[in-house]
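Each chain, letter by letter, is given below.
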Amino acid sequence: MNDSSKLIETANLLLDISSLLMVSGANTNRANLSIDRFASVLNCKVYSLISHKTIIMTLTDEETDESCTRVQNIPPYIINFSVISAVSKASWNAISENWTLEQIEAEIERIKLLNRYPRLLVLFAVSLAGAGFCNIFNGDYLNMMVAFISTFMGLFIFQQTHKLKYNLYIRLFLGSFIASVTALVGVYFNIGSNPQTALATSILFLVPGVALINSFTDLLDNNILNGMVRFTTGLMTVLAMAIGLFVAMYLFQLN
Amino acid sequence: MLEIILKLLEVSFWSGIAAVGFGILFNVPKSAVITIFVLSFGAGFIKFLLMHLDVHVVLGSFLAAFFVAFIPIEKRIILTHFFSFLFLFKTDSSQVALVPIF
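Going line by line, the protein sequences match chains A and B.
Numbered as in this note's numbering, the first sequence ends at 255 without a single skipped number.
Numbered as in this note's numbering, the second sequence ends at 102 without a single skipped number.
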C-alpha cells in the first residue's frame, strides 16, 4: 500500500470513529479528543469540522506532509454509551500500546458489533423507571402500576415506529400520545390516590436529556453551532411530546 | 421519625431504579449499572432529605447533582484513564431522578 492510499484509509477510519461517537451521543469535544488520540498514534495531524449531520476532516501525515480531505455524513443518532466508553478505552490503549492502523480498525469493528440490551429488558427497565418516578412524585402503588403500563405502551410504540422508519418527531408524538392516553384511562377511572402523577411521569422516557446535556457541554466548549443545534433538537423533542400529551388530554376533555 | 426515614429510603430506592432504567435505555456498560443505582440512590436521598428540611427544591437538586458529579471526579483522580470515562455516563444517568416535573 502506498502512502497516499494509507492516508486515505486512515482518514476514512478516523471519520468512521468520529461518526460512531456522534451517533452514540458523545459531545463534540469528546469526538475531537478521541480522533486526536488515534491520529497521534498513527503519526498524523487531524483538522476536523464536526456538524450535526456531516463531518469534514483533513488529515496530514507528519512524516511526508501529505494531506487528504474527506467528508462523511452522520447517520441517524442512536444513543449508545457502551460504544462511547469502548472507543475511549480503545484510544487510550492505542496510545499506551502504540497500535497499528489494522489493530485500530479491528477494534472499531469489534465495538460496532457490541450488543445492546434485549428489547424486552429495555421495555421492562424503562417502564420500571417510569413507575419509580411516579413513586418519587407522591404516586401510590396503583399509580405506579398505571405509570408502568403507560410507559411500556409508549416505549413499545416508539420502538415499533422506529422499525418502520417513521420520522423522529412523528415517533415522539405517537409515543407521547399512546403513553398519555393509557395514563388518562387511570385518571378517567380515578385509579390510585394521585392519578395525575402517573400521567405526568408516563412520558418522561422521551425527555431529551442527552441532547440537552450535550448541548450545554458543547456551548461550554465553544462549539456554539453544535450546541445550538442540539438545543433546538431538544426543544423540538419537547414540543412533539407536548403535542402528544395535549391531544390526549384534549380527547379526554381534561384541563 | 422512623416513618420519615423509611419514606426517604423508599424514594431514594426508586430514584436508583429510575436511573438504572434510563441507563439501560442508553445502553450503558453492564459494569456501570450498580454504580448508577448507588449514585442515584445517594442523590435522591440528599434531594428529598433537604426538601424535607424545607430547603428549596432548586438548592436541593443542585446539591444532589453536585454529589453525583463530585463522587466520579474524586474517583477519576484516583483511577486511571481507562475507568474515568465510564463514570461520565454514570453521572448522566444518575441525574435523571432529579428531573423537575412538578
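Hints should not be assumed to be uniformly reliable.
[Said to hold, decoys possible] Simulated DEER-style distance windows between Cβ atoms:
| id | chain 1 | residue 1 | chain 2 | residue 2 | range |
| --- | --- | --- | --- | --- | --- |
| 1 | A | N138 | B | V38 | 50 to 60 Å |
| 2 | A | I8 | B | I34 | 40 to 50 Å |
| 3 | A | P75 | B | L9 | 41 to 51 Å |
| 4 | B | F67 | A | D3 | 30 to 40 Å |
| 5 | A | K45 | B | L6 | 23 to 33 Å |
Calculated from the structure, these hints are not laboratory results.
A quick note: this is a predicted structure, and the numbers were derived from the prediction, not measured.
Even for Gly, the Cβ is constructed at its ideal location relative to N, Cα and C.
Hints, one by one, checked against the model:
Taken as a hint, the range 50 to 60 Å is violated for the pair N138 of chain A and V38 of chain B, whose Cβ atoms sit roughly 24 Å apart. Look at I8 of chain A against I34 of chain B: about 44 Å separates their beta carbons, and that is inside 40 to 50 Å. Between P75 of chain A and L9 of chain B the Cβ separation comes to about 44 Å, which falls inside the hinted range of 41 to 51 Å. A hinted range of 30 to 40 Å for the beta carbons of F67 of chain B and D3 of chain A is inconsistent with their spacing of about 52 Å.
The given range of 23 to 33 Å is broken by K45 of chain A and L6 of chain B, whose C-beta atoms sit roughly 60 Å from each other.
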